[in-house]
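Enquirer: Residue-level listing of the chains:
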Amino acid sequence: MQQDRIRNFSIIAHIDHGKSTLADRILELTHTVSGREMREQVLDSMELERERGITIKAQAVRVAWKGYELNLIDTPGHVDFTYEVSRSLQACEGALLVVDAAQGIQAQTLANAYLAIENNLEIVAVVNKIDLPQADPDRVAAELADLIGEDPERVLRISAKTGEGVAEVLDAVVERVPAPAGDPAAPPRALVFDSSYDQYRGVVAFVRTVDGSFTPRERLTSMATGTRFEAEELGFFAPTMRAADGLGAGEVGYIITGLKDVARLRVGETLTSGATPASEPLPGYKDVKPMVFAGLFPTDSDEYPELRDALEKLKLNDASLAYEPETSQALGFGFRCGFLGLLHMEIVRERLEREFDLDLLVTAPTVAYRVLRPTGELIEVHNPAEMPREVERIEEPYINSDVIVPKDYVGSVMELCNERRGRFDQMEYLSEDRVLLKYELPLAEIVLDFYDQLKSRTRGYASFDYDFAGFREGELTRVDILIAGEPVDALSLIIHRDGAYARGRALVERLREEIPRQMFDVPVQAAIGSRVIARETIKAKRKDVLAKCYGGDITRKRKLLERQKAGKKRMKQVGAVEVPQEAFLAVLNLDGERR
Amino acid sequence: MSGHVRHLYLHLPFCAHRCGYCDFVTIVGGSEHGAYVDGLLAELQLERASLHVELDTIFLGGGTPTFTEPRALERLLRALPAAREVTVEANPETVTPELASLLVDYGVNRVSLGAQSFQSHVLRTLERVAGPDDVRRAVYALRVANVDNLSLDLIYGVPGQSPSDLEADLREALVLEPEHLSCYELEAKPGTRFTHAHGSELLRQADAMEGYFEQVVRQLTAAGYRWYETANFCLTGERAHGRDLRAQHNLGYWSGRDYLGLGIGAVSTIDGERRRNTPRLAVYLRSLADGRRPPRDLEALTAEVRKRERVMLGLRLDEPLVLEGMEDAVDLEAARRLERSGLTRLGGTAATLALTRRGRFLGGGVTAQLLV
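Sequence lines, in order, name chains A and P. Okay, so the first sequence: first residue is 1 according to our numbering, each after it adds one. Okay, so the second sequence: first residue is 1 according to our numbering, each after it adds one.
Treat the hints as calculated values from the structure; they're not laboratory data. A couple of the hints might just be wrong.
Unchecked claim - Derived lysine-lysine pairs resembling DSS-like cross-links, with alpha carbons at most 27 Å apart: (1) K572/A with K543/A; (2) K189/P with K565/A; (3) K189/P with K438/A; (4) K289/A with K307/P; (5) K307/P with K438/A; (6) K189/P with K543/A; (7) K307/P with K557/A; (8) K568/A with K541/A; (9) K66/A with K307/P; (10) K541/A with K559/A; (11) K189/P with K548/A; (12) K189/P with K557/A; (13) K189/P with K568/A; (14) K307/P with K455/A; (15) K572/A with K559/A; (16) K189/P with K407/A; (17) K559/A with K548/A; (18) K315/A with K260/A; (19) K289/A with K260/A; (20) K548/A with K307/P.
Stated by the list, open to error - Simulated DEER-style distance windows between Cβ atoms: (21) V144/P with K548/A: 43 to 53 Å; (22) Q329/A with T352/P: 48 to 58 Å; (23) R204/P with L132/A: 47 to 57 Å; (24) R286/P with K539/A: 51 to 61 Å; (25) D331/P with G376/A: 24 to 34 Å; (26) N418/A with D331/P: 53 to 63 Å; (27) T352/P with K548/A: 21 to 31 Å; (28) D331/P with K289/A: 46 to 56 Å; (29) E187/P with E390/A: 38 to 48 Å; (30) D328/P with R505/A: 45 to 55 Å; (31) K548/A with D271/P: 41 to 51 Å; (32) R171/P with K548/A: 51 to 61 Å.
For glycine and all other residues, C-beta sits at the position ideal for the given N, C-alpha and C.
For reference, chain P alone in the conformation it holds in the complex:
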């Protein structure tokens, strides 16, 4: 019997180095890549029943999935079901022609490359292993291997990054003609090593950050990219050659569809329940070796909460949110007030709700006002 979930996420936690700003579940180095892939495959078997026979998307995230020992990675890729979009996250320094071929040979058709910046001093501050040339080399290797859906991650708001540094980052990224770009403001979580080291500098540039976000959107939309989600851009129209280049996997999250996540710290949302696997590697491996599911936190999502999430996520997108069924989650009076302030747009006879361009820059505050 098959289930209905069409989106599958696999977490590959291993990294060469833990960057100071990172707050993902990661493991530096690690000698258990093979055992971990065994665990993932065992967990996949246990959860298989919830997956639809035809998957829309698979996403291998990390960590640095491409840091995983190649044989283990190969074994994993070989065992995965097929899907229309299969994305792997990669760090530039790990991308060799061999790895690129391996990925493509096993059905990977989209690569998300963690470029972050093209400025040496910015990369150093971020403690990235790769230099600017590694990014270009990686892109070249992937293109040679026929990867025709490539996404670059960029980070802005890095201590010491000037507006002209950012301008150069965006320009150099555009030269590589990626199909997709994700641009994130650096989130310095309190208590991280990074915040400790750069906190005062971050505070100092807090005002400039506002300008950075505007600069990103301005520069990328001017280059013909579609600002389809708060932090995501893709080629569109002729340059997309008729393809929808939005990240289909992530679009699943933003549209409120169910997804299955496997691996340590991975999150699933299925049938109104959200589960988070244990982040502890040993516990995870032991459970699966014993044929049991790993320990996980459970959160029941009431209909009300699911609606709130739909509003919160849906308003990050450039397509209007359909309000049918959402009436008790959205404060229409607030929506009208915000419309008068030029922040929202109610479509039809209040059948849909979208944020204006300015509203999207203020999406957090606007959404907080819109929610009942």
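This is chain A alone, in the form it adopts within the complex:
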């Protein structure tokens, strides 16, 4: 295809604003899928994505429209995948910015719009769902136009559901989005904007050819990591895989690499020819680092090998998932896993439970801390139990956050952000009654229950997005939990000094409720170093004996005792105290935390 007949674009939208429905209509209208093949949300191939209504992995579909080749590049819609979104956007020249005609601009809309602007994309503003009774297309069009500096008249008004205005959207893509500008004669360069793993064919790279062209069986090299492989097959999606003779400058498609590990071909990489390599990679490659960490333990310790295998398999398809073995005195063998964010964590957990049928215990999430030791050594700590006791300085990750709320809830949101050590940056009226609040917040304050709090304090009207802002020194401290004087590794936490007392107290009270009475008094304490900040006592049992035991009872009583003994084996021994796994669950489990 001639370069000037190619248009590459993506759709960016807040969750539920109709991105997938619009994609479906486009596929129908361009006869890319027949009505018979059509099913809801064709692009979201994973079961989980369909259920959650979100898109995890970007994909690209080629459609034909009035003699043009249009490549629709789908983007993940969530903050955790900002880097992936940015790579997808880098593969495009234009973006449809879709906003719900009733709800208006949301925090994610903003974040994605800024990303698109940063990537120099032509933005086609679209107000969707104009068929809804509560739709207010004029107001929302005005908000949108204001956001991107556009004439409100140029904002398209459509209903992806009914199909109204969708043809005009495609026309606008052809008219307004520039054709790709690469040099077809230059040494080939292609941006890897996503990849997936196929059990038979290895890593499949989704690419945008920028310069030159690629052909099947060609030797290729990735310019950041130096991975070499042969392009086993090239092609595009329409919407299923169609092999092609080549991918020319400006085109979007896939390359089957035969590589056995997605980590060897990271998103953001530049591919070039092994024979005639380009001299410079495309800009913007970043090695994405996990920011949120949690321990994953099998509820049944016998399932450890299964968990290990499952993580290995997930990692094949998810280069941003990090894990390493972790041994906890309380929970046994498991893995400390690193995630891009909370949603990423939830997705991994659900996939492990659903696709691999594992029963998991997930410890309360924590963030990556940077610690300067008195020796001058700088280390990164992903697990509170590994926080050294002697530290010079602790730094924690901060985020810049955007919260959009109706003006009536501004007070509640400010209160929440202040409670969470937020630093107010900016407040801006997007329209008469909708306000954008900007706060700088420690990520650690977000990972626990910030979303839930935000939701409940704004009755679900707030939308939230964030961007990593860097590490800052904090007044952080390690709180240890001691049961009968023994510190329990899995329960240690790192927390701001101001919150240490309340949290320590809450944990200690919870444990007192959860740990059964023992044969002696058991103190449960929270401590900072050697200073106890909260204490509860589990009073000793006064009686634990079977009343009667005569000739006819002996077998039954013996079996009772053996069961009691077996029950003890299932308990975790902390010093002389037997703690049931459930007690740890109650304190550690993320769900328990939220409840």
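Starting from the known structure of chain A, arrange chain P on it as the hints suggest.
Expert: Only chain P this time, still in chain A's reference frame:
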């Protein structure tokens, strides 16, 4: 040829009424008392070879052995071999002067009386037939008949029983100067009529139960009784007049000695094998009428299991358990740990193991930790 078993148990299942909390093998009323005694005697003949010529103890338990039709009971007692201790369980309302004489005439020298309580409302909750005065009358009748080894059973933890009710029960029992007392916490088995009726009340008083057990031990030991087994107390020293008033038959169980049990549902443990007779009366009677042993469940007790039982039972007693030969059944490290917590006492150079007073209240949990 004679065997080595010196303890004989006979089960007499008949009762006037089945109390709601009871989970023993019982038969209400019954017209087959005579046929049943025939069955018992036939079974005794079949098992005789395992009995030693000189028996230590015989125990007639139930059911309500004294509810058995007197002629049938008499026939049974007459046919039994002699033993140093012959105990019969009795319910107060069945004890008449005539019955008392009958028992004594046929060699019964110990009676275990199911008093349970002296409070009318508690007895009603337990669905006992007897009232408080029946208990006193029964004791009087037995004393008149020269029964000089009398045990009273008491139950505590009954729904509606207050600490002062329990205090009164113990006080009134002590007035009767029994040689022996058994005090049981009410065990409400799941699924029984009783648990169904009183479950929520039992749950509510679960915490108070801890105090009840302590109260029983405190009050009875203060009155000079020896707390010789978890739930059993006996007179000691001068007041025992030189006699060992512990229940010798039960001491046989707790010391791991072999015993022969006859009757429906009865259990025997002989030569490393535990047998439980069928609980079904018709099946039992038919087998014995045919000259066959009744059907029974068998359980082979390995040396390891026998040791565990020795530890489990032995630690219920107030005398230290001799550890020789028990090394692989007892976790000595746990014993030392528990000793530091004030729950066990290792004697000699770990030659014996005993529970402290507090350890005995927690005997179940302590034993579970001590077993390997």
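Enquirer: Taking the hints in turn, state whether each one holds.
Expert: Evaluation of the provided hints:
no. : hint                           : result
1   : K572/A with K543/A             : holds, 22 Å
2   : K189/P with K565/A             : holds, 21 Å
3   : K189/P with K438/A             : violated, 63 Å
4   : K289/A with K307/P             : violated, 59 Å
5   : K307/P with K438/A             : violated, 72 Å
6   : K189/P with K543/A             : holds, 18 Å
7   : K307/P with K557/A             : holds, 14 Å
8   : K568/A with K541/A             : holds, 16 Å
9   : K66/A with K307/P              : violated, 90 Å
10  : K541/A with K559/A             : holds, 22 Å
11  : K189/P with K548/A             : holds, 13 Å
12  : K189/P with K557/A             : holds, 14 Å
13  : K189/P with K568/A             : holds, 23 Å
14  : K307/P with K455/A             : violated, 62 Å
15  : K572/A with K559/A             : holds, 22 Å
16  : K189/P with K407/A             : violated, 62 Å
17  : K559/A with K548/A             : holds, 14 Å
18  : K315/A with K260/A             : holds, 11 Å
19  : K289/A with K260/A             : holds, 22 Å
20  : K548/A with K307/P             : holds, 20 Å
21  : V144/P with K548/A: 43 to 53 Å : violated, 30 Å
22  : Q329/A with T352/P: 48 to 58 Å : violated, 35 Å
23  : R204/P with L132/A: 47 to 57 Å : holds, 56 Å
24  : R286/P with K539/A: 51 to 61 Å : holds, 56 Å
25  : D331/P with G376/A: 24 to 34 Å : violated, 49 Å
26  : N418/A with D331/P: 53 to 63 Å : holds, 55 Å
27  : T352/P with K548/A: 21 to 31 Å : holds, 25 Å
28  : D331/P with K289/A: 46 to 56 Å : holds, 49 Å
29  : E187/P with E390/A: 38 to 48 Å : violated, 56 Å
30  : D328/P with R505/A: 45 to 55 Å : holds, 46 Å
31  : K548/A with D271/P: 41 to 51 Å : violated, 25 Å
32  : R171/P with K548/A: 51 to 61 Å : violated, 23 Å
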